[in-house]
Amino acid sequence: MKTQEAIYQYCLRIADSNLILAQRLAEWCSRGPILEEDLAMTNISLDLFGQAETLYEYAATIKGDNATADSLAFLRVEREYFNRLITEQPNGDFAVTMVREVLFSAYQNHLYEALCKSNDEMFRGFAEKAIKEVRYHLRHSSEWVIRLGGGTEESKVRSQAALNELWRFTVDMFEMDEVDEELISMGIAPDMKEINKSWMKTVTEVFTEAELHIPDLNNVIKGSNKGIHTEHLGHILSEMQYLQRAFPGATW
Amino acid sequence: MTEKSNQFPQWEVFIQAKNGGPYEHAGSVHATDKNMALQNARDIYTRRNEGRSLWVVQTDNIFSTTREEEAEFFDPAEDKIYRTPNFYKMPAGTTNL
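Residue numbers (my numbering), protein chains in the order written: chain A, 30 to 281; chain B, 199 to 295.
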């Protein structure tokens, strides 16, 4: 696989994950448990939109062919999306959203940390800016999960249920294929086995403090590298892409 | 304030716009603890680059003068014009003092 092709694919993996999670978090808009948290979640969402945009623009320059960040976001179908499966999972209750945020922002944190040392200048610049944002997301969601885990019986049960449900999607985040092999050989992207180790350490600390236990891996679902998704992505895309599909090229 | 509130405790937020400057009151947030208060303050009051540092203080910890006390606290200062430096002559050539 050519390096440029691998970089393009790698951009989509990260940008798609950010865009889909941003879209999910935006669903909380006006539905947050308190006004302050409503803003916090939509702030995180906007950070993720911004990160996605940067990488879509990079991907568009590699793709050429009049591709833009918008065409990549709005004109690809489900099987052409490579977001990590955990990002498309429904918000559920507040505990599900916060546990998902811990699992995913810890992952981003360690991935971006590694990309800060990438041989690719664009990835390096991206990661140095974005890591400050995801560190805050991790701090915010960790503190919530610790409060919920150590809170009432109800909040503890819900948080544990959230972790039990989402844990099986975490394997997918660290899957590697020929894209990773090419970029690892060029010193552009990290070995996900290493990221997995540091991620595991971070989330174990959070869940231990939250008095939640990490479940056994059952019913593992993966496939994002190949564009294979759970039933949820299609619904997200149909809503997100509706306008551009119904009125191609519409601007305002 | 006799009505029972279902809100988290209230905190007052102070923002320092730049290093060395004063902390100015920005508004309030609700939060269960000081860490949540800082984060809520960050998310609500500094998202447009308003500050580089934050204080939060639980509103109950602020003791303030009341409307009833206003006259006796502050009116006596109204006619003490000699407490302001109005009677000094500006040294020749000074434009900024």
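Just so you know, the hints here were simulated from the structure itself, not pulled from any lab data. Just so you know, even glycine gets a beta-carbon here, dropped at the ideal spot from N, CA and C. It is possible that part of the hints are untrue.
[Stated by the list, open to error] Here are the simulated distance ranges between beta carbons: (1) A:Arg164 / B:Arg246: 38 to 48 Å; (2) B:Val255 / A:Thr280: 44 to 54 Å; (3) A:Gly179 / B:Arg246: 30 to 40 Å; (4) A:Ile91 / B:Val255: 32 to 42 Å; (5) B:Glu222 / A:Lys161: 16 to 26 Å.
[Claimed, not checked] Example chain A residues on the side facing chain B (calculated, C-beta under 10 Å, incomplete): (6) Tyr37; (7) Ala69; (8) Met221.
Hint check:
Distance hint check: the CB atoms of Arg164 (chain A) and Arg246 (chain B) are about 20 Å apart, inconsistent with the given range 38 to 48 Å. Here the CB-CB span from Val255 (chain B) to Thr280 (chain A) is close to 47 Å, well matched to the stated 44 to 54 Å. At roughly 34 Å, the beta carbons of Gly179 (chain A) and Arg246 (chain B) sit within the given window of 30 to 40 Å. About 51 Å separates the C-beta atoms of Ile91 (chain A) and Val255 (chain B), a value inconsistent with the hinted range of 32 to 42 Å.
At about 25 Å, the beta-carbon gap between Glu222 (chain B) and Lys161 (chain A) stays in the expected band of 16 to 26 Å. Annotation: Tyr37 (chain A) was flagged as interfacial toward chain B, and the flag is violated, the nearest CB pair being 32 Å apart, outside 10 Å. Interface hint status for Ala69 (chain A): upheld, as the beta-carbon distance to the closest one in chain B is roughly 5 Å, under 10 Å. Interface restraint check for Met221 (chain A): the shortest CB-CB distance to chain B comes to about 30 Å, outside 10 Å, so the restraint is violated.
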